[in-house]
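Chemist: Sequence:
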Amino acid sequence: MASLREIKRRIKSIQNTSKITHAMELVAAAKMKRAQNQAVAGKPYSELVNNVIRSIANRIDPEAHPLLARSEGPNTAVIFFSTDRGLAGSINANLFREIGSFKSSLKFITLGKKARNFIVKSGRELVADFPLPERAETAFVRPVAKLVTECFLNGAFNKVYVLYTEFESTLKQTATIKQLLPIIDESVLKELSQEAERLETREPLFEPDPDTVLETIIPQYILMELYQILLEAKASEHSARMVAMKNATDNALDLVDDLTLTYNGIRQEAITKEILDISTAAVALE
411 MASLREIKRR IKSIQNTSKI THAMELVAAA KMKRAQNQAV AGKPYSELVN NVIRSIANRI
471 DPEAHPLLAR SEGPNTAVIF FSTDRGLAGS INANLFREIG SFKSSLKFIT LGKKARNFIV
531 KSGRELVADF PLPERAETAF VRPVAKLVTE CFLNGAFNKV YVLYTEFEST LKQTATIKQL
591 LPIIDESVLK ELSQEAERLE TREPLFEPDP DTVLETIIPQ YILMELYQIL LEAKASEHSA
651 RMVAMKNATD NALDLVDDLT LTYNGIRQEA ITKEILDIST AAVALE
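Quick note, the numbering used here runs 410 ahead of the 1-based positions in the sequence shown.
Rather than coming from a laboratory, the hints here were simulated on the basis of the structure.
Any given hint could turn out to be false.
[As the list claims (entries may be wrong)] Listed below are the simulated SDA-like cross-link pairs for lysine to any residue, each with C-alpha atoms no more than 20 Å apart in a straight line:
1. Lys443 x Lys523
2. Lys523 x Arg495
3. Lys441 x Pro618
4. Lys441 x Lys656
5. Lys556 x Gln589
6. Lys443 x Gln589
Let the hints inform the model, and build the full structure from the sequences given.
Modeler: Structure (structure tokens):
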């Protein structure tokens, strides 16, 4: 059985750990609030641009723009958003599992040390690695957008996906795979044609024409889509870290309570034993 001194030392150590995890929880909560506000604020704009592009794509030839055109080939790239640091629950492990859903060989563009380390250690092809910013800004995803666009246009990539953690709520973040290029895939085109047949509403007007609108929107679409994904990845990271640190703090405090009960029990046993020894000695003296 552990001695009183050893248990007391363990209690002190766990209390110190709980203070650290609680401080990390508070820091993550402060960052989470800002990141959540940014992610939620950006969603309406992202959805609006998506709707505009879907509306245009339904009434023009997909081959009219090179970023809409589908090209056959084995070169599939994945832009992989992870975290730089751990202590964020299972957020990175869920992303690593999603990579197994791809059947073909992949080329990876990573943002985040955890993604880069996983790709390198697993022997997969790493094309480029970009630093993950502490605060999300469009300047950080601009070179990523430029790289994937150029590689898609020159045929180095036939498809480009994004693997990231979608922010749904403070307690729920989902590992998500999203096709970035070509912008409209076959499943979306089929969905659009079915929707057009089902609805008999008046088509929106585009000035001067859908092709010109599309030519203007697409470069901004790639950039803003990656920026919105970065916002969601950061919001998910801070949310997951806050929850993980809160759980760690609660578990530490529960462990302190258990050890305190054990400490008091051993101490009470020692006191009772001393009393019995004193009583026995007193009786013997009589």
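Chemist: Please list, smallest to largest, the hint numbers that this structure does not respect.
Modeler: When the structure is compared with the hints, numbers 1, 3 and 6 turn out to be violated.
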